[in-house]
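These are the residues of each chain, in order.
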Amino acid sequence: MNAFSSLFLLLILAVTGMPLQADEDISPPLTISDPYIEMRTGPGNRYPIFNVEDRGKTIRILQRKTNWFQVQSENGKQGWVHKQQMQNTLLPSGSQLQFSEQDRSAFEQRKWEIGALTGEIKNAPLLSVYGGYAFTKNISLELELEHSVGNVSSSDLARLSLLMQPFPEWKYSPFFTLGAGAIQVKPNATLIDPADRNNALSQVGFGLKTYLARRFVLRLQLNQLVIFSANNEEDQNEELTEWKIGFAIFF
Amino acid sequence: MENRLCHLFLALALLITASPALAASDDEQTGLIQPTVERNQFDEATIDSNDFEIILSAGYLSIEDFAVNSMLGVKLNYYVTDSLFVQLDWLQATAGDTSYEILSGGAPLLTDEERELTAYAINLGYNLLPGEVFFSEHTTFNSAFFINAGIGNATFAGNDRFSYNYGAGFRVLLLENLSLYSEFRNHVFDVDVFGINKTTNNLQFSIAVGWYF
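Heads up: the protein sequence lines correspond to chains A and B, in order.
Residue numbering for the first sequence follows my numbering, starting at 3 and increasing by one per position.
Residue numbering for the second sequence follows my numbering, starting at 3 and increasing by one per position.
Isolated chain B, as found in the complex (with noise of 0.2 Å):
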């Protein structure tokens, strides 16, 4: 409401002020001053601001020992500074099965519903090597090579599971606000199916697509 005041005050200065001439016709018939109108009026709020972004992946995620599967997920970035990021990231992903369960063809490890994987992290980003890719003659796209870590949960064979994750990527703004990303992570997380306890190294690749806002 208020922004929506200032642009109809902006709009009402720049009008006044846009015509001079007309103004001082005015006043030589009127005999009247015109109040100066201070102009100094410009919000801050009213400048596009894209510190946030929201990107959707795809991508294959191997499950240590349940073979490699497809895996979506969705992320939220916000640039502290044009170097550093915070990232809220979300993946699903379904276990296949193990090579023991499709050798001895008997009663799988899993039900269906412990084969779902979901994991959520909170991951401090890092643009490590920002620059620029040359595309064509007269194409060119920012780029950033990143690196980023955080923690998190992975829910996955009826558990939840602590995770960690690192890993690194590459990013070209396509246009002003719509980035295409490669990336390559590692999930660490234990699992205790096999009896044992056993840290698990979960390869991600993945692609994906950013919007900011």
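Isolated chain A, as found in the complex (with noise of 0.2 Å):
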């Protein structure tokens, strides 16, 4: 296993480790306001509606699948409600029940960002993940691991870049970023005298974000790196270009 493959495990480990939710009945009793709300058996709009409750019942959450609601009625049945129809439910202080909409504004709020992307570097296909804090609207640091698998060798590569994204309310907003890292050259094993090389590298980019849908975005990317690998017997430093598409997730 090599170390980008464990890391990817990590991740995997990582987001299942947050700490989880006391799922102890917490929903207060919510009155129905729209003549009649649908419960399906599953949540899905695919799935066929079981059971009506008419305007004036009560019903209380149970759990949330994506934008679909598990409740149960007064009388006991319990079924899958959409989001559309909950809004429309009446909290015992005879307020509308008000959800935080995961939309572009949320988006341009996000603080934290992970996601993962492929593309190619120097024609190698490569794949990659990425975790990003917003400081602001307009800046924020992130952290990437890659990994790119060529004809004659495979890399890895870690950096740590500054993004900066002057229009973030813009439907497709740019960005550009300045980063460093290094890259880890391994060499096939069946080349004669394979020899692993580290170097330190640098980067610009820019790109564009567009909002998808509920926590999602998409993402491409378009990267010029410098790789410090001038040496003795070299005295060039290796300049790449490398492209990425790929989608993340906000919080």
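All clues given are correct.
Lysine to any residue pairs mimicking SDA-like chemistry, simulated, CA-CA at most 25 Å apart:
| no. | chain 1 | residue 1 | chain 2 | residue 2 |
| --- | --- | --- | --- | --- |
| 1 | A | Lys79 | B | Gly133 |
| 2 | A | Lys188 | B | Val195 |
| 3 | B | Lys200 | A | Asn153 |
| 4 | A | Lys113 | B | Ser51 |
| 5 | B | Lys200 | B | Ala151 |
Since the hints were made in silico from the structure, they are not lab data.
Both chains are given apart, each in its own frame, so use the hints to dock them into the complex.
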């Protein structure tokens, strides 16, 4: 198992290790104010409606999956109701139930972003994962781990970059990055005299982010890398171009 | 912390409003006007939200030319909508002997370390056919037939190999948050162990258990 693979595994474990919500029944009774609400057998609009609750009846929320809420009616029936209908139920105070929208404005307010990208670096396919923290709407810091597999070698790359997003409110919001990191190139085992090579690198890039839905962002990026490979044998630094496309989830 | 405060506030609000008669008599006794307590403090974050799923799988991986081998895997699903999900996928298997190695009885083609296959991938999945399974007269489980595909990396025979995979499976929700899987996938990557670069199809059959959180 290589380092990248174990990091990947660590990421899975880190996410699953996040504190779990205590699943006590804490929802207050919600009064239906639509003429009726439809309860489905599963979380999705392709599941059949098996029960309808009239206006004035109350329901309680048990859990949520994506935009669907599992609710329990007064007579104990459990089913799934869409967020749109839940928004028209009333709290005991008489006010409407409010959900914070996971929409474009939430995206602009985001603090954390994790994502995965794929593309090409010097014609070799690559896969990368990254995590970012936004200090302001415009500036965030990102750590990215990237793995690429070429014909004669594979490489692992880690970099820290500063990302500048001048127009966060645009639908297709451009950004610029400036970063530094290190690359490890491993020649294939079938080659003669394979020796690993470690070098520092710097990077400039630009790209676009666009909000898709819920917590989802699409990201496109083009980078120019300089690998500081100059040594006694070769006195040229290596320059590479890479492009990437992928998605991110923000919190 | 904020959550806990909200809980306390909510509990307090409920306590006060649950005894209106008491409050009224208090008013009469003391002649004080009780402040109206706003109870629209319901915090969305207190809803138990289950958009992630961790999946442990076990099964068989047929590594082309290297026999059929047992495999173990772990996956993490994030449900973007009720139909669409993204997936981190990791699996591990140990390759067996090729027919040539068995017949010739000669030197093995790969070292033990090179026989270890690990693969990870990022996949996109879609619940193509959501449905229900009628298990008995009174027991029904929600289910889904899903398809997914993605790209990743497979480390095998000492080298990293770019891979892509695609597959389909069936998920049954046994409990509210516990699911059972049966899945079939194909992992495609190039192998150059025999001197030529050869695209291999590596079929995987696995069963798995998933937990939503």
